[in-house]
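Chemist: The residues making up each chain are set out below.
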Amino acid sequence: GAVVSQHPSWVICKSGTSVKIECRSLDFQATTMFWYRQFPKQSLMLMATSNEGSKATYEQGVEKDKFLINHASLTLSTLTVTSAHPEDSSFYICSAREGEGTYEQYFGPGTRLTVT
Amino acid sequence: GQSLEQPSEVTAVEGAIVQINCTYQTSGFYGLSWYQQHDGGAPTFLSYNALDGLEETGRFSSFLSRSDSYGYLLLQELQMKDSASYFCAVRTGFQKLVFGTGTRLLVSP
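Listed in order, the protein sequences are those of chains D and V. All you need for the numbering used here is the position in the first sequence, starting with 1, plus 2. All you need for the numbering used here is the position in the second sequence, starting with 1, plus 320.
Treat the hints with care, since some could be wrong.
[As the list claims (entries may be wrong)] Rough simulated footprint, nothing fancy, chain V against chain D, three-plus residues with beta-carbon under 8 Å: (1) 69–76; (2) 81–92.
[As the list claims (entries may be wrong)] The following residues of chain V were derived to be distant from chain D, with all beta-carbon distances above 12 Å: (3) Thr-331; (4) Val-338; (5) Ser-353; (6) Tyr-390; (7) Asp-402.
In short, the hints are calculated from the structure, not lab data. These numbers come from a predicted model, not from an experiment. Even glycine gets a Cβ: it sits at the ideal position worked out from N, Cα and C.
Hey, can you work out the whole structure from these sequences and the hints?
Modeler: This is how it looks when you write it as structure tokens:
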């Protein structure tokens, strides 16, 4: 089946620093990738949708200058949390969609970010 | 706005049958999906209903009534490993998924 990986699986950073999270589709080309945020015991909230080679589309209320998304290739998307603050601590999950003719999303294992 | 409501927690014993309901109110509707998520893990796809009726996949079945904006996930012959969170999700567009509030299922021996 389609596999999506994320790196790192967990990261601790100091307040004010930036953190980059990678999302890779391992055995398929992902024309579209999605980034979600999940707070403890809560639902997944879509942050942004990124299509390879174009700018990401952010959901209402998500600061695009704080959460930088780059989808430079068909197998890699990155999320950079800039000037992180403790309230950014969360579980970040990416998903990927293969091709234009399918709507199913395959989810990565998530990245636990803790900002101290 | 978009809202998908689920019970917050359901408990059951091994071997039992449990139903997790989902009522939704969204600006678009293409279909209803169900995902399972173990603590600290990725959501895994369980089922998808685009049309009214029941879809059966092994021990899991999913039902949709578009006229009632309602669906449910039915889990049969519960096992301890089924203890997890379950999310319904509406596909509101070709690409976008909106997730429900999630239901924590606790299966006891």
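Chemist: Each of the hints needs a verdict: does it hold here or not?
Modeler: Hint check results:
1. Given a C-beta distance limit of less than 8 Å, the hint that chain V covers the region 69–76 of chain D is violated, as 0 residues qualify and 3 are needed.
2. Counting residues of the region 81–92 of chain D whose CB lies closer than 8 Å to any CB of chain V gives 0, which falls below the minimum of 3, so the coverage claim is violated.
3. Its beta-carbon lying about 16 Å from the closest one in chain D, Thr-331(V) satisfies the requirement of being farther than 12 Å from that chain.
4. With a cut of 12 Å on Cβ distances, Val-338(V) stays outside the contact zone with chain D, its closest approach being about 19 Å.
5. With a least beta-carbon separation of about 9 Å from chain D, Ser-353(V) fails to lie farther than 12 Å from that chain, contradicting its non-interface assignment.
6. Non-interface status of Tyr-390(V) relative to chain D is upheld: no Cβ of that chain comes within 12 Å, the nearest being about 18 Å off.
7. For Asp-402(V), the shortest C-beta to C-beta distance to chain D comes to about 18 Å, beyond the 12 Å cut-off, and the non-interface label holds.
Figure legend: structure checked against the earlier numbered hints; hints not met, in rising order: 1, 2, 5.
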